[in-house]
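S.K.: Listed below, chain by chain, are the residues.
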Amino acid sequence: MTHEADQNLPPVDTRGEFAFPEKHAFDAGYGLSEKTIDYICDAKGEPDWLRDFRKAALRRFLEMPMPTHWAPSEISGVDFEQIRYYLAQGTPAKKSWDEVPEEIKRTFERLGVPEQERAFLAGVDAQYDSETAYNNMREELSKKGVIFVNPTEGLTRYEPIFRPWFGKVIPVGDNKFSALNHAAFSGGSFIYVPKGVKLAQPLQAYFRINSESLGQFERTLIIADEGAELMYMEGCTAPKYDSATLHSGVVELVALKGAKIQYVTVQNWATNVYNLVIQRGIAMEDAQVRWIDCNLGSGLTMKYPAVVLRGRRARGEVVSISMARDGQLQDTGARMIHAAPETSSNIVAKSISIGRGRASYRGEVQVQRGATNCRNHTECDALLLHAESRTDTYPAISVHGNSSGVQHEASVSQVDEEMLFYMQQRGLTRAQAMSLAVNGFINDLINEFPMEYSVELRRLIDLEMEDSVG
Amino acid sequence: MMNKDAPLPELPDRLNENWRYGRPHQFATELAGRMDGRGKGKLTTNAPQECILHTLSPDADALPLSIGSDYFLRRAAQEQSDVLRIVLPKGEWGTEEAPLRIRCHVDSFYAPRLCVELQPGCRAHILEEHLHGSNSALVCLRSYTVHPNAELRLELRETGDNASCAMNISRIQCGENAHARQLSSYSGLAWVREETTGELCGAGAELLLLSANRPEKGQWIDQRCLQLHHAAGARSRALYKNVLRGASTCIFGGNIRVEPNAHESDAYLSNLNLMLSPEATVHSLPQLEIMADRVRCSHGTASAPIDPEQLFYLRSRGIGETDARAILADAFLNEVYLLFRQP
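Residue numbers (my numbering), protein chains in the order written: chain A, 1 to 470; chain B, 471 to 813.
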């Protein structure tokens, strides 16, 4: 049903290239120090253990080197002193859109979030700069014991549930950006789905950066208890500024025995955003973790969703689409760590490079000692649309023992001229023909996204293609 | 020309991506330690005397390109235990049955430099043998230049006494319409590292890099190759196969790099491993770096045990399990030999 008030709103703008003036009650300023941590902890009213935890992480962050020996050189453009680490309105997350400050509400309405919530979501968490502005979940899910809160609330109100897993899947010292997130995290989602509860509809988080030079360090921890099932979707947008913006999130998934977690991302940050996200899940016995990942935006993305297959017969899957246009580097991929017998995994990655865009696949598959009878299949295909486009593939596969089967294949191709000619002969312009060919290339993967997302994704890809090929 | 006064590059360490999984702290350090002693060895050939030179031509004999081992490249070039330069003019040199031979005897530590040039219209079959004495070490810098319309078939066989180690840093350059194929195989070496850069410098150039190995016990075979497409319209293939027994380890790092403007390149890279032991380990790093369009490039890698159905087929025909496994392992590697021998 459409609300009457919606008639006066501008149309949905999923690219998110608009901004409102900043009105923050809390601003931790530029640079990260112990003072910044104190400021964040005071603003959020966090307990002392969390303050000490953040400070210890800050020390690790300052000690650790940048991952320069293999990472793309573009990462050296991140200037940690020119980032603002905490910007918030100072109001708790609202349960109703009517209570959300007007400009924030208008932002999310333009992005189509409340409309999606009404149509098909079980719950929504909408983050604006550093804090959650809106968080709501259908009442029947609360009654079943499902928890869907922000990290501060999760670690204070539900400490016994979340603290044992907090920072366990991705430890503080995993890499420099993990330490950074542990020190400065704010916003994100903590979700717990109790034993046997299966969510019929997805939960969604929407991350919005509105302010210039902001660092957004959201933190997500999802625990699916034994036999539980859920799908979680996240979307991201930001307006384009001249200065760099940093998005460095940490996402930890825990699928206990027989549980299933699907995590869907559609990333469409502006091109001044460094998108350096760490995503990792643990799958226990008979559990499944599935990452569905689509990267369209940002100047530099480094993101390799991982699954640690720790229980017998666990299964991991990554489906990834990325598109790199002029000035973009999409360094994406996947990791599968087979640490238990009879585990299986599948990776399908497709990338499109347009203009001077560069798309890289970087992956790792490990079959560890003692992990017998494991199976992995990896497939990555790249499409180059122009002579200056670039694509790279950097997989690493390690297999121990003589009972597991691991296969990897990759290919690079371009749109077949004959195919374009055929379509043009039937009345399509070259741009339309190219767009159709690109949609055909990723069609199988787009169908893996939930229906509402796949429609939106096709529209977004058409828009990107119009700009680039037309 | 190399500047001998320039400081040596850093010894490979764990941050060197080209030594990933290669245990640089162990093998690179050990090999560098052995280079301190004076080298001993011998490089011989049955090529006609008029084709042999013992000095390098500064224009023709650029150093081979290393894949992460500039330290060894530079140290070996400084050491220069021996130089053998062979220039083969137009004509037929060697046959499949009686190839032209180059033999390298390694007594203790030896760092020879081998430069072979095939002039336009030359067709050569070359067998290069590296024979190791007890507990010896070799760092061999190899350059093969295949000029336009020349054809090279090169087999490299390296055998040791199970305690020896070797590093081959090789460069194969193919000019316009030049064809080159190399088959390497290593046996009886505690550790070997092969770095091969194949450069396709002209249209119609074709390069085939092959390797077939059967490591066993605790042997390490660390192979890195680069298919470097400089020119448009060239073709390259690489197929590296291993049958692993015992606690052996194989590392394969391959890269297809298509430079800007090398349009219409056609390249394939494959690494296949047959795992016969629960203690064997494989690390495979096939890569693509494509900076041109209208290309056809792909790679594939697979590591798996013997297919039980194939085993069952042979067993049901009365062949014992041990023999059946041996037949299947031979058949697995046979593809490489057939590709090398095909016309």
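I should point out that these hints are in silico values taken from the structure, not numbers from a laboratory. Treat the hints with care, since some could be wrong.
Label pairs and their computed distance ranges (CB to CB) [stated by the list, open to error]:
# : chain 1 : residue 1 : chain 2 : residue 2 : range
1 : A       : Q201      : B       : H495      : 46 to 56 Å
2 : B       : Y783      : A       : R312      : 49 to 59 Å
3 : A       : R312      : B       : T514      : 56 to 66 Å
The beta-carbon is built from N, C-alpha and C at its ideal position, and this holds for glycine as well.
S.K.: Against this structure, judge whether each hint is valid.
M.R.: Here is how each hint holds up against the structure:
1. Take Q201/A and H495/B: their Cβ atoms lie about 52 Å apart, and the range 46 to 56 Å holds.
2. The given range of 49 to 59 Å is broken by Y783/B and R312/A, whose C-beta atoms sit roughly 31 Å from each other.
3. With their beta carbons about 58 Å apart, R312/A and T514/B fall inside the hinted range of 56 to 66 Å.
The earlier numbered hint that this structure contradicts is number 2, and it is the only one.
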